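Asker: As a plain string of letters, each chain reads:
Number of protein chains: 2
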Amino acid sequence: MSDNLASKITDSELEVMKLLWCAKDALPVTEIREKLQGSKGWEPATIKTLVSRLVSKGVVRQEKRNVYYYSPVITEKEYSSWATKDLITRIYNGKASDLIASLVSSNGLTKDDIAELREMFKVEE
Amino acid sequence: MSDNLASKITDSELEVMKLLWCAKDALPVTEIREKLQGSKGWEPATIKTLVSRLVSKGVVRQEKRNVYYYSPVITEKEYSSWATKDLITRIYNGKASDLIASLVSSNGLTKDDIAELREMFKVEE
DNA sequence: TTGCTTAAGCTACAATTGTAAACTGCATTT
DNA sequence: AAATGCAGTTTACAATTGTAGCTTAAGCAA
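Top line first, the protein sequences correspond to chains A and B.
Using numbering that gives the first Met the number 0, the letters of the first sequence correspond one by one to residues 0 to 124.
Using numbering that gives the first Met the number 0, the letters of the second sequence correspond one by one to residues 0 to 124.
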């Protein structure tokens, strides 16, 4: 995923992406709207704008059936790992372990998190 | 640090913050400019705008001496841990360990990082 | 003191973002 | 066929951001 694609997903747009990522298949605007109108209180027009912008940005694909169906071009994993690396670059001088150290020292980790991490980084043998 | 303060530090502004965080004492614009003009290629006016915006946002304090001196109101640690939590909230559903798992699975960690993390999460005693 | 240099403040302006209305054309209903 | 409704497109508009010029005031040099 190139820098300027992901970097351009804005907060509002991200809500649309999340929905598309959850969906098994491509969705028509109707459905996107249905889901988001309630949760976000957005007008139909707003949602259409967001979807269109995501298409322009190349992170959502549209396929014409009866009506357009929309699906993500990038996966959620791709996006989140990109966003994470971006954070590390911008504010941790590129050092991933500094991010984690910051999480630890700012009590950003729950007991469960820590247990999982212990497991994750246990020295194998 | 309240949400709307930190959230408002933009990329360009962050460069100014980084400089102020490095400085032991408050700096006059002259010095901020000196440091950033070279590295960022910004015009003096641009730098003044950024500094002023940071002051409006309440994250930089100005004190009048001969000339205004600027210093950060929030620490780098406060900011980075805020930004990290924000990322976790926005894209990892609030689960910090998911962030770390994503780093692991996307090869975002160097050997050194991993060594440090093993150390960090080693079961003590 | 008189002008020059520069700090600080004010103004500018395009691009992006959040939010949405207006319009347009096709399909479905009556 | 005429009208209605909604998908898709275009336009809108304020706030924020990136980038910077213009103006004013004050200190320093001549």
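FYI, nobody ran anything at the bench for these hints, they're computed from the structure.
Misleading hints may appear alongside valid ones.
The list that follows gives simulated cross-link-like pairs (lysine-lysine, DSS-like), each with its CA atoms no further than 30 Å apart [as the list claims (entries may be wrong)]: (1) A:K84 <-> B:K76; (2) B:K110 <-> B:K7; (3) A:K121 <-> B:K84; (4) A:K7 <-> B:K63; (5) A:K121 <-> B:K94; (6) B:K56 <-> B:K39; (7) A:K84 <-> A:K63.
These stretches of chain B come out as covered by chain A in the derived footprint (C-beta under 8 Å, 3 or more residues) [unchecked claim]: (8) 46-55; (9) 107-116.
These stretches of chain B come out as covered by chain A in the derived footprint (C-beta under 8 Å, 3 or more residues) [said to hold, decoys possible]: (10) 22-29; (11) 68-79.
Computed from a prediction, not measured in an experiment: that's the story for all the values here.
The C-beta atom is built at its ideal place from N, Cα and C for all residues, glycine as well.
Asker: Take the hints in turn and mark each one as holding or not.
Answerer: Hint by hint, here is what the structure shows:
1. A:K84 <-> B:K76: It holds: about 18 Å lies between the C-alpha atoms, which stays within 30 Å.
2. B:K110 <-> B:K7: Violated, because 34 Å separates the two Cα atoms, which is more than 30 Å.
3. A:K121 <-> B:K84: holds, 25 Å
4. A:K7 <-> B:K63: The hint is violated at about 39 Å.
5. A:K121 <-> B:K94: Distance of about 20 Å is within 30 Å: holds.
6. B:K56 <-> B:K39: holds, 22 Å
7. A:K84 <-> A:K63: violated, 35 Å
8. 46-55: Our answer is that it is violated, as 0 residues pass the Cβ test (under 8 Å) against chain A, missing three.
9. 107-116: With 8 residues close enough to chain A, the hint holds.
10. 22-29: That given contact is violated, which follows from only 0 residues of the region 22-29 of chain B lying within Cβ reach (below 8 Å) of chain A.
11. 68-79: n = 3 at 8 Å, threshold three: holds.
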